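Student: Starting from the structure of chain A, add chains B and C where the hints point.
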Amino acid sequence: MERTPLNGIGRLASSRQLHIALATAVFLIYPFLVSDYFIDIAFYFGIYTLLGLSLNIVLGEVGLFDLGHAGFYAIGAYTTAILNTKFGIPILVLLPLSALAAALFAYVVCSPIIHLQGDYLLIVTLGMGEIVRLALINNPFDLTGGPNGVFGIDFPSLGPWLVIDSSLEYYFLIWLIVGLTILGLTRLQDSRIGRAWNYIREDETAANANGIDSRSYKLLAFVLGAALAGVAGNVYASKLMCVSPESFSFWESCLMFCIVLIGGMGSIPGVIIGAAFISLFPEIFRPFAMYRMLIFGSAMMLMMMFRPGGVWPRKRGAVKYESLLEGTGRSDA
Amino acid sequence: MPERRTHAAGETVLETKGLTKIFGGLIAVNSLDLKVHKGEILSLIGPNGAGKTTVFNVVSGIYRPEFGEVFFRGERITGKKPHQIVSHGIARTFQNIRLFPDMTCRENVMAGRHCRSTSGLFSSIFRTPGQRTEEDMIKGTAEKRLRQVNLWKSRDDLAKNIAYGSQRMLEIARALASDPKLLVLDEPSSGLNPRETRDLMAFLQDIIREEDVTILLIEHDMNMVMGISDWVVVMDGGRKIAEEGIPDDIYADQRVIEAYLGKDDEDSTAYDVPAEH
Amino acid sequence: MHVILEQIINGLTIGSFYALIALGYSMVYGVLKLINFAHGDFFTLGSYLGYTVLVFGAALLTAHFGLWGALMAALIFAGVSLAIVGLIVERVAYRPVYPAGRLPAVVSALGASIFLQNAIMVVWGPRFQAYPAALIPNVHIQLGNIHLTLLQIVILLLSFVLMGTLYYIVQKTTFGAAIRATAHDRKTASLMGININKVILFVFTLGPALGAVTGIMVGMYYRQISFTMGWNYGLKAFTASVLGGIGNIPGAMLGGLILGVLEMLGAAYISAAWKDVFVFIILILVLIFRPTGILGEKTAEKV
Chain A
316 MERTPLNGIG RLASSRQLHI ALATAVFLIY PFLVSDYFID IAFYFGIYTL
366 LGLSLNIVLG EVGLFDLGHA GFYAIGAYTT AILNTKFGIP ILVLLPLSAL
416 AAALFAYVVC SPIIHLQGDY LLIVTLGMGE IVRLALINNP FDLTGGPNGV
466 FGIDFPSLGP WLVIDSSLEY YFLIWLIVGL TILGLTRLQD SRIGRAWNYI
516 REDETAANAN GIDSRSYKLL AFVLGAALAG VAGNVYASKL MCVSPESFSF
566 WESCLMFCIV LIGGMGSIPG VIIGAAFISL FPEIFRPFAM YRMLIFGSAM
616 MLMMMFRPGG VWPRKRGAVK YESLLEGTGR SDA
Chain B
27 MPERRTHAAG ETVLETKGLT KIFGGLIAVN SLDLKVHKGE ILSLIGPNGA
77 GKTTVFNVVS GIYRPEFGEV FFRGERITGK KPHQIVSHGI ARTFQNIRLF
127 PDMTCRENVM AGRHCRSTSG LFSSIFRTPG QRTEEDMIKG TAEKRLRQVN
177 LWKSRDDLAK NIAYGSQRML EIARALASDP KLLVLDEPSS GLNPRETRDL
227 MAFLQDIIRE EDVTILLIEH DMNMVMGISD WVVVMDGGRK IAEEGIPDDI
277 YADQRVIEAY LGKDDEDSTA YDVPAEH
Chain C
49 MHVILEQIIN GLTIGSFYAL IALGYSMVYG VLKLINFAHG DFFTLGSYLG
99 YTVLVFGAAL LTAHFGLWGA LMAALIFAGV SLAIVGLIVE RVAYRPVYPA
149 GRLPAVVSAL GASIFLQNAI MVVWGPRFQA YPAALIPNVH IQLGNIHLTL
199 LQIVILLLSF VLMGTLYYIV QKTTFGAAIR ATAHDRKTAS LMGININKVI
249 LFVFTLGPAL GAVTGIMVGM YYRQISFTMG WNYGLKAFTA SVLGGIGNIP
299 GAMLGGLILG VLEMLGAAYI SAAWKDVFVF IILILVLIFR PTGILGEKTA
349 EKV
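Protein chains in written order, with this note's numbering: chain A, 316 to 648; chain B, 27 to 303; chain C, 49 to 351.
If we strip away everything but chain A, and leave its shape as in the complex, we get (with noise of 0.2 Å):
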């Protein structure tokens, strides 16, 4: 049989979905074979690949200067613990709540300030972050519980029959939230609002002057950003049954920052590895004890000599399109 590009596309959508297929058994297999320090480790990159797919939206797609996205973080962590301790509401219900309130933050912070370009941009996130750290640890209304946090938080659980409090379901739950924030995510990437928040990043006049009302999709990205943050804040507090300030530091905002670099601005697959990078490199150079940040700090280094693109970019135009118009009469070609 003759091979014509339709075939071309159709292997590589079967080989696509033979790596997803390949991913998803390992990670369901995984939890079985290690231990449950194993299976918080791999939690863990679970959070931060949720976190850092939430700035790729602002950072990756959008490539608006983000470096105080563990306030959104911070937001979505505290509105779980404080509303889950004094009041008793179920983490699960407070899991659209945390990302409603980080998201409503966001809107409200960003508005005033999503104008700037840049740099600028950059230094007033990282001034937001700390206020908010800040804040957390002068305690105010007596709410936060200063530096030392908010404990006692609950598991999720919904009535008895499903109750999370096992490191294995823990890890269930997070990867299925970023399994599905993957799969609404790649559809938005193939989606007009995927596309403006693309043709900002390349050159906002030019997205402007073709119909794309920049502020706004800059503001949706910095929402829909803030609302994973917060449900990754809300995942992370019930794990940790408490939360402190010092957890949503200028430093993890850093971290967010190198993951979606790292992984390649924009790319869903780069996140995941630079998520593995940022959480399972410090755990994989445990042996080298002090010297394993001299270690980490200098990976980054090379990383960016060597692959400044990133590990995986996302690779545009690599499926070929074709016609919607030949034999339908209306082409013009």
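Just so you know, the hints here were simulated from the structure itself, not pulled from any lab data.
Remember, predicted model here, so these are calculated numbers, not experimental data.
Some hints here could point you the wrong way.
[Unchecked claim] Computed footprint of chain B on chain A; a stretch qualifies when at least three of its residues, placed anywhere within it, have a C-beta under 8 Å from a C-beta of chain B:
id, segment
1, 494-508
2, 589-603
[Claimed, not checked] The calculated lysine-lysine pairs, modelled on DSS-like cross-linking and capped at a C-alpha distance of 25 Å, are:
id, chain 1, residue 1, chain 2, residue 2
3, A, Lys630, B, Lys165
4, B, Lys179, B, Lys43
5, B, Lys64, B, Lys207
6, B, Lys186, C, Lys235
7, C, Lys246, C, Lys220
8, A, Lys630, B, Lys64
9, B, Lys61, B, Lys107
10, B, Lys207, B, Lys170
11, B, Lys266, A, Lys630
12, C, Lys81, B, Lys186
13, B, Lys207, B, Lys186
14, B, Lys207, B, Lys43
15, B, Lys64, B, Lys106
Cβ atoms here follow ideal geometry from the backbone N, Cα and C, with glycine treated the same way.
Tutor: Structure of chains B and C alone, referenced to chain A:
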């Protein structure tokens, strides 16, 4: 020589009244009155710094004028934002080509359809039937426009990787994808070789004949101005200097020659004066 | 009244720390449009090197050069060492990454920062180190109602001499003009025959050296140092340089001093716990209404 359409035959598409734009103390555009009529090609010419591009930037909403009004098909559009002006039906290109360099040619042209489509966050995530139909329509229009400029073969290439002349045509295809009533082109022939310029002229002639579109352009290449314009307006120092007119009259006008040749030595060599007239 | 004056003087003291560190950020940013995240760690490293000289070499140095001589030796040793470290970091971490654009340089800079911070921890240990006490005689000075220490006067004098010298170099000399031209438009500057590499060399030696000197002053002022302190000072100093107009050298000095004074006044009159929040809110407001900072030039994008 292509047939000439007569100026002022159709209704007014674009009109500026007393348009004034000031930067710092510099008056870039000084109470400009301009009328563009339906179905014509109007060229705005003049030396560098005459304020032509500023007029375009005000019309397309990138700058807000200090005084004066802009009307498009009878509606006041002064001070509207660029993305709103595109959905009204004015699409533009840039003097220094502004594509989305790391996106494919096809994705570049699809940008033009953005303002003509409506799918939101949820329909995009859940791939509703309406969203899929709309995506197909976006892709269909993009294909049509890419084929028109002979770039369908480069559809999956990144915009930064195609030839300069192709980039110019891609930018025009992107503007046309929004089905504009007014196409605003800022020096479309700059950087093109004579053959590409001829192709561009033929392409614009085709578009204006076949579609419900009007073209306003800034051009430095006199061959092109004389070749395709129905009407020429000359600017210098932010003002219209000559009575506007048909290309032949403008070409003979002493004041135009002065504006180009007599004042600024630096600029005078930049223009390609037709050999025969 | 004297309380506010004292707070202003305290503010100027920590403000001059911020200003001296901010100069390093601002000079590098001006020339390379790079946020040098490792700069805070240059400052920490300088502080630790000074500590080592003062602790282990103090007896010997004081015997030969006297108290002030020992201090000078520490300052010079740390300054020169950090100038060398700055150059090495530029060569190893930044130069290979420049051609790839600005974002990879951010990651590389963060990597360099992690490396330096942990190198300091490996060498000097993770705990706080106490700076030698009574290095400068604990003399209190009463100026009218205002209460000052000799240490504060030394810090203010040294800071202002350093800033004044840099200001003179940058604003009045030909080489300073080259630096300013490079900050303004690197491409045109290099076409005009300015040796960009020389300018880069200058900012990557002088910036870290100023940071090192500041590190020693901070150690003497607060009496204790830790390997992570670079983050905090770096963040504040970076904020100061943005406040003044990033890339602008007088702006960095002004931004640092204003930040220090605001912080101290905020601590005294609003709340000590919320002073940093106050500082960041001011920063955000300044950027919303004047995105280029206090002394920054407005640049319009040509469309």
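Student: Does each hint hold? Answer for all of them.
Tutor: Verification of the supplied hints:
As drawn, the segment 494-508 of chain A meets chain B at 6 residues by the rule of a beta-carbon pair under 8 Å; at three or more, the given contact holds. Remark: the segment 589-603 of chain A is not confirmed as covered by chain B, as 0 of its residues place a Cβ nearer than 8 Å to a Cβ of that chain, below the required three. Proposed proximity of Lys630/A and Lys165/B is supported: the alpha carbons are some 19 Å apart, at most 25 Å. This hinted pair does not check out: Lys179/B and Lys43/B have alpha carbons roughly 44 Å apart, beyond 25 Å.
Using a Cα cut-off of 25 Å, the hinted pair Lys64/B and Lys207/B holds, with the two alpha carbons roughly 9 Å apart. Taken as a hint, the Lys186/B and Lys235/C pair is honoured in the structure, with Cα atoms around 22 Å apart against an allowance of 25 Å. Taking the CA atoms of Lys246/C and Lys220/C, the gap is about 18 Å. The hint holds against a cut of 25 Å. Our distance criterion of 25 Å between C-alpha atoms is broken by Lys630/A and Lys64/B, whose separation comes to about 43 Å.
Between Lys61/B and Lys107/B the alpha-carbon distance is near 21 Å, which keeps this suggested pair within the 25 Å criterion. Proposed proximity of Lys207/B and Lys170/B is supported: the alpha carbons are some 17 Å apart, at most 25 Å. Annotation: proposed proximity of Lys266/B to Lys630/A is violated, straight-line Cα distance about 49 Å (limit 25 Å). Restraint check: the Cα-Cα separation between Lys81/C and Lys186/B comes to about 24 Å, which is no more than 25 Å; the hinted pair holds.
Distance hint between Lys207/B and Lys186/B is unfulfilled; the C-alpha atoms sit about 28 Å from each other, more than 25 Å. With a C-alpha separation of about 20 Å, the suggested pairing of Lys207/B with Lys43/B holds against the 25 Å cut-off. At roughly 22 Å between alpha-carbon atoms, Lys64/B and Lys106/B fall within 25 Å of each other, so this suggested pair holds.
Figure legend: structure checked against the earlier numbered hints; hints not met, in rising order: 2, 4, 8, 11, 13.
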